[in-house]
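Chemist: These protein sequence lines map, in sequence, to chains A and B. Residues 3 to 188 in the working numbering are what the first sequence spells out, letter by letter. Residues 187 to 418 in the working numbering are what the second sequence spells out, letter by letter.
Wrong hints could be hidden among the right ones.
Below 25 angstroms or equal to it, Euclidean Cα-Cα: the simulated SDA-like pairs (lysine to any residue) are [as the list claims (entries may be wrong)]:
#1 Lys410(B) with Pro148(A)
#2 Lys215(B) with Asp66(A)
#3 Lys325(B) with Lys410(B)
#4 Lys215(B) with Gly79(A)
#5 Lys215(B) with Val153(A)
#6 Lys410(B) with Gly79(A)
#7 Lys410(B) with Gly171(A)
#8 Lys325(B) with Pro43(A)
#9 Lys215(B) with Leu187(A)
#10 Lys410(B) with Gly108(A)
#11 Lys410(B) with Ser121(A)
#12 Lys410(B) with Leu21(A)
#13 Lys410(B) with Asp154(A)
#14 Lys410(B) with Gly20(A)
#15 Lys410(B) with Gly111(A)
#16 Lys325(B) with Gln388(B)
#17 Lys410(B) with Pro275(B)
#18 Lys215(B) with Pro148(A)
In case anyone wonders, no lab produced these hints; they're calculated from the structure. Every value quoted in this text rests on a predicted model; they were computed, and no experiment measured them.
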Amino acid sequence: MATPSEMGTAAERPARAGLVMTPSQTIGPFFSHALPWPDGPHVVDADHPGAFWLRGQVFDGAGDPVPDALIESWQVGPAGRGFGRCPTDPQGRYAIRTALPDPVPGPRGGTQAPHLALSIFARGLLVRLVTRVYFPDHADANAADPVLALVDEPLRETLVATRTDDGYGFDIWLQGEHETVFFALA
Amino acid sequence: MTQVVPDQVHPPLSWPAYRSNVLRAPGRKLVGLPPTLTENRGPTAAALLGDHGVGPLDHDLTRQHPGEPLGERIIVHGQVRDTDGRPVPHSLVEIWQANSAGRYPHHADRHPAPLDPNFTGVGRCLTDAQGRYRFISIKPGAYPWRNHDNAWRPAHIHFSLFGRAFTQRLITQMYFPGDPLFGQDPILNAVPEPARPALISQFDLSETVPEWALAYRFDIVLGKTPFEDQEA
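I would like the entire structure built from these sequences, with the hints used as guidance.
Modeler: Structural data, given as structure tokens:
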């Protein structure tokens with residue numbers, strides 16, 4: 003049996019004997035004529051029960067809006083495609099029309115609080131950023147959510163949207179004092 | 187095949203040699219998230235494309251306008267697999283690129299090179315049952331940018347892939363073999379050295395069509411397919 007020193011450090015060991023993943027690269031500045039779809043921000047139709055707008059602004063570490071980001075949302079149910087895509091405008095704003103997802107089981111049973119998964123791509127980002135949107139009117143479920151529990155308590159509020167006139171607000175701070183919590187999918 | 191641990195495959199979050207990264211890279215460590223059902227599922231091609239589907243000429247960037255674009259006609263093809271070697275079938279692949287003069291038809295592109303009225307440089311297709319895809323296009327030109335003194339991006343094609351799960355979503359860039367600009371490009375060089383060859387396509391004589399177009403092969407490996415989908 004190999005001793006720990008013979009096995010090498012985690013950094014030296016291949017993680018698995020399979021193929022090597024293709025590396026990520028930046029989306030760059032020139033995608034807004036290529037990737038957005040006319041109905042990309044519409045995860046559900048306007049007359050879908052419980053439809054709301056998720057609106058937000060993306061900011062960099064200097065507090066300036068990021069006008070060339072692409073925000074994608076993903077959720078399991080309700081009926082519909084579950085996927086939304088919206089480029090930010092010159093003020094760094096995005097908007098996605100959706101509805102609350104179906105209940106999703108947690109990693110060890112139970113039910114997760116309602117949430118959306120977000121991908122953020124932008125010039126300057128060499129890898130996709132992943133975050134989650136939770137909802138302020140589900141405070142009890144949020145308090146019991148196993149994924150929010152992975153996040154240091156004072157930072158959890160960066161993942162909870164605010165209530166607005168036509169839905170929810172969720173700003174994304176890439177860097178700095180208000181930095182949003184981002185996840186590594188392990 | 188070279189063995190590389192996953193952390194050594196992708197660029198780091200922080201890579202200041204790429205100037206736009208400095209104010210945009212998160213400063214805090216990422217929170218590890220073991221994928222749940224949300225992350226282990228993803229939009230199907232049918233859900234993404236709706237009733238529109240993929241058009242018959244969406245994969246052929248040389249036939250989307252009344253005339254033929256200028257430049258060197260190329261075929262770009264490959265197979266999409268996961269890290270277990272399984273093909274990723276019926277999955278959306280999107281590409282976009284500069285024209286043969288190194289210019290994008292984008293309002294923010296200020297490079298004083300000509301636009302081509304017969305080339306938009308945007309394509310998409312679905313992988314077949316074996317995970318294979320194929321595009322027809324024009325070899326993109328290199329173009330200058332202002333990252334550092336006399337900075338030029340090597341010729342590249344942007345790729346966007348969905349796979350079958352949110353965990354597999356990937357946006358990357360394909361390069362062409364032997365480009366003299368590789369050495370000074372901070373975007374390619376943000377990838378750890380052992381993994382960089384995976385982004386460089388290979389000239390493919392067997393798929394090159396005589397009297398018509400050179401072929402390049404670019405195989406793509408996405409992250410692991412979630413277990414529950416493996417038998418599906």
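Chemist: Would you mind marking each hint as holding or not holding in the structure?
Modeler: These are the hints, each one checked on the structure:
1. Lys410(B) with Pro148(A): holds, 23 angstroms
2. Lys215(B) with Asp66(A): holds, 22 angstroms
3. Lys325(B) with Lys410(B): Between lysine 325(B) and lysine 410(B) the Cα gap is close to 31 angstroms, so the pair fails against 25 angstroms, i.e. violated.
4. Lys215(B) with Gly79(A): violated, 30 angstroms
5. Lys215(B) with Val153(A): holds, 11 angstroms
6. Lys410(B) with Gly79(A): The hint holds at about 23 angstroms.
7. Lys410(B) with Gly171(A): Status violated; Cα separation ~33 angstroms.
8. Lys325(B) with Pro43(A): violated, 32 angstroms
9. Lys215(B) with Leu187(A): holds, 13 angstroms
10. Lys410(B) with Gly108(A): Holds, at about 20 angstroms.
11. Lys410(B) with Ser121(A): holds, 18 angstroms
12. Lys410(B) with Leu21(A): holds, 10 angstroms
13. Lys410(B) with Asp154(A): violated, 28 angstroms
14. Lys410(B) with Gly20(A): holds, 10 angstroms
15. Lys410(B) with Gly111(A): Status holds; Cα separation ~23 angstroms.
16. Lys325(B) with Gln388(B): holds, 14 angstroms
17. Lys410(B) with Pro275(B): holds, 14 angstroms
18. Lys215(B) with Pro148(A): Given pair lysine 215(B), proline 148(A) holds - Cα atoms ~19 angstroms apart, limit 25 angstroms.
Checked against the numbered hints above, the structure breaks hints 3, 4, 7, 8 and 13 and satisfies the rest.
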